[in-house]
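Protein chains: 2
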Amino acid sequence: MRAKERVDAISGTGEVCAVPGPNFAQSPRMEPQSQTLSAVAAALEASVAAGAVYRRKTLRERTAFLHAIARELEADADKLIATAARETHLDEARLRLELRRTQWQLFSYGNASLDGIPLGISIDTPSAAGGRSEADGGKLPDWGKVQPKQDLRKMQVPLGPVVVFGASNFPFAYSTAGGDTAAALAAGCPVIVKAHPAHAETSCGVATAVQRAAAACGLPEALFQHLEGGFDLGGALVQHPLTAAVAFTGSLEGGRALFDLAAARPRPIPVFAEMGSANPVFLLPGQLAEQGAELAKLLTASITSSAGQFCTKPGLLIGIEGPELDAFADALAKRISIVPPAEMLHSGIAKAFQHKRADALDIAGVEVAGTLSCPVGRNESIPTLATVPGEIFLAQPALHHEVFGPFALLVRCRDAAQLLDVALALEGQLTGTLMATTEELRELPELLEALQARCGRMVRNGVPTGVEVVTAMHHGGPYPATTDARFTAVGADGIGRFTRPVCFQNWEEELLPEELQRHNPLGVWRRVNGVLSREGF
Amino acid sequence: MRAKERVDAISGTGEVCAVPGPNFAQSPRMEPQSQTLSAVAAALEASVAAGAVYRRKTLRERTAFLHAIARELEADADKLIATAARETHLDEARLRLELRRTQWQLFSYGNASLDGIPLGISIDTPSAAGGRSEADGGKLPDWGKVQPKQDLRKMQVPLGPVVVFGASNFPFAYSTAGGDTAAALAAGCPVIVKAHPAHAETSCGVATAVQRAAAACGLPEALFQHLEGGFDLGGALVQHPLTAAVAFTGSLEGGRALFDLAAARPRPIPVFAEMGSANPVFLLPGQLAEQGAELAKLLTASITSSAGQFCTKPGLLIGIEGPELDAFADALAKRISIVPPAEMLHSGIAKAFQHKRADALDIAGVEVAGTLSCPVGRNESIPTLATVPGEIFLAQPALHHEVFGPFALLVRCRDAAQLLDVALALEGQLTGTLMATTEELRELPELLEALQARCGRMVRNGVPTGVEVVTAMHHGGPYPATTDARFTAVGADGIGRFTRPVCFQNWEEELLPEELQRHNPLGVWRRVNGVLSREGF
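From first to last, the protein sequence lines stand for chains Y and V.
Each step along the first sequence adds one to the number in full-length UniProt numbering, with nothing skipped, and position 417 is 417.
Each step along the second sequence adds one to the number in full-length UniProt numbering, with nothing skipped, and position 63 is 63.
Since the hints were derived computationally from the structure, they do not count as laboratory data.
Any given hint could turn out to be false.
Said to hold, decoys possible - DSS-like, lysine-lysine: derived pairs with alpha carbons at most 27 Å apart:
| # | chain 1 | residue 1 | chain 2 | residue 2 |
| --- | --- | --- | --- | --- |
| 1 | V | K297 | V | K334 |
| 2 | V | K297 | Y | K297 |
| 3 | Y | K356 | Y | K334 |
| 4 | V | K149 | Y | K149 |
| 5 | Y | K334 | Y | K351 |
| 6 | Y | K334 | Y | K297 |
Stated by the list, open to error - If you only want the chain V side, here are some residues facing chain Y, beta carbon under 10 Å, derived:
| # | residue |
| --- | --- |
| 7 | F259 |
| 8 | R265 |
| 9 | E514 |
| 10 | Q517 |
All C-beta atoms, glycine included, are put in the ideal place defined by N, C-alpha and C.
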């Protein structure tokens, strides 16, 4: 293959990090721009070729590949964790858990397709009476008797090459072999990872593990590619005609830039970007009276652990003025003011935190309630609780956005009506949390509705951090939480971001994919003439 | 409600066509632009309020509403068909079938939610062991033992107000109360239809029927709104902050313009635009030898009925030089050359057809094979078969696009290799058809792969026109067939264009929607700890 040779020539044989970024600038013979473009073209051509091979594999072979990646990560675990700890300043215990979660993602997304649910199979045959349902007791009006005349069989197929941009705050779980990569590979797509420069060595180590797994499974090397470079590389990857979809985890600015590039293409492609979220927590007096001290402890950990560098960190606490809120605020302020500063992921994130924190505190009416008063290192963050009256919050949209890091703003509302106004003023969120008694919520149906209209996940009397990797999880939400509220970044349903349906009309059995054959050799779930079943027909 | 009063004030009480377009320009007091903007704002505010009421209705109440619309259309059928025939020049028999199909869409999409499948419910509970599957015989590696700690219950909820732009070529089935409206209402969303100016009176009549149904079901008037106007109205609807999604059926230019507007919004929203498709038909010699004469007859009808004004009209016929293709081409040319001219939907479409036909015939190497030689009316189309050698087709991307109307281009390929090159050169398509014997396809797996990578529906030895409304149908495809290949415009799965997941974490039973309650009072399909079931737990 010409394409493959070009990739090899650029990367040097045996190197997994196929395209070293900094070298571009040092090349005397070629402009960086055109060298980047030709590297991207070579990568995409190789990706398409590898994808064609991968698409012919069975569901079980796909699953085995994802399991093999998890095993290879296990083999390198200690080394990967040590490297990641050095590059990200996250502690080893947390990173060990994160690596395990990453393996579990690969394992469970790999298993997900085996029962056929992500394939979304529907079959309608000419013999069936159309659209009978319990609703009409089998009696249809005349115009309801539409009889299908064709044999139609539909299933999800892979979109094609997916470009993955990992997150700085999860060097394993949302990065190189993280959720987006696992979902794309489970969907049957080849993957090109643009390595995050803040943990380039970790990324490279993880990529080696993935490529060992591919080799062990007899899959083409280019099924998973790992490129290093800057924004020009990322942009070129998103713009290349052969790229079929993009997955991104990171800042609003970064996600939006990629979304705009993809939408402006001659042939637009889907971008799933998981971006910012302030994750509002509503604190009602009844629940604070019952559980205030415990909630203060819970929220302190949720706001400050891993230096607050979670996309689900609760950044807005919204309560109603009164003795319960006072007591809770005191308890939370005391706890937060003794959490020591922590080194952030990298200097860019530390600088952004310091600026955004300062900007928030500069607004008249915003006051510090709890923070450590001691000198901090250049890349460290000071955990901070600030407070603001409801009316000022409502008047200052700048306060509504995420401050990435250990910062939370307590919004003190005059009454329940103002609390509802605050809920209605919020933008799209990954999560919304209700600390409230059942009675309190029964009396505030508008609050539930306002929150449901803005959030992807609604948490009762708990904290939004801790995103479990199960199918019922939804990690997404209306913009700016993500670029498409209809999809999730976590859980096997996220596979659907990278597939599309194809319908086969009147095909002979032998030319159909096994998944669609009459006797259902794989025993997958299918909707046959409207009825879900794992049997043949 | 202030918003409602404003709509009433603009529309005049009792008028269903709320915002008459041409009047804007005649208003002496206000610029058209600002009047359009305030009408759009009023419509969206009323839509959101009506949507809040509708969202609280049960699944059965939603279903009853869609059924009621179908009944109201039945009551007005004769009048609607006569009006549509006058406005569109389509014949009454065809329009009667189309109206029935429209009713069936409303009926079947309304029924679809009752078994819960479109709700995509997943529930994971803390007690369940994570991710066990047959693949591992219940034995998980250490890192596979991830135990859920939270109670997570996820279901699809409506996105919010959907703006629908209907098609000129289906005044019922893809227009005012057509598939997009039916899917959005089944999803639980309020709908605002921008009436198609080419069948404004039909659209108004259909809107009256929908609004009678809403009144009969005790639903708010603004749940379904019908606005008339030009491009500025359409643009303002897409750009309004309260609009949640857009559905469009029509030209590539129109769909792309709306997609670009939506992507450039401060808060981007999904646009599902179903646009152009050349619907290639591959003709292999073995099948032509067996069935050539019959195929010529079948394809003539498919190319010319309703003046070729179908999005699935086969516009490209691709065969391999030889006696079988010669005989087939002769038979097809003879048949097409005796099909009389027909009046097209409107003068704009007729003009576009005449231009695009002339442009194609102007390319050196493109020759007319069969067409009527007689004078035609100004808005009539002449059915035309043209031919072109494979190498010229490959060199002329202009020939790859849809010519909307009764025109087909027969591409004569030198050999099977060139036929494959043509397949690989095609853009995204709604359909791809294979006229071939089983043996011929067995020998051309690359052709199947190339076609599957480009098409939404793959037809065997039949014609692509005739899109059946069943769940297994897929009416969509890679760009430029649609703006998002992951969704369908036909079949109940199209409901998913207008919903998004919300996950409830650790909620008490009484505050959960019925669909998610433990004992499953609605008996809907749910994935509970990975297993599909209609039981409680």
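Hint check against the structure, violated hint numbers in rising order: 2, 4, 9 and 10
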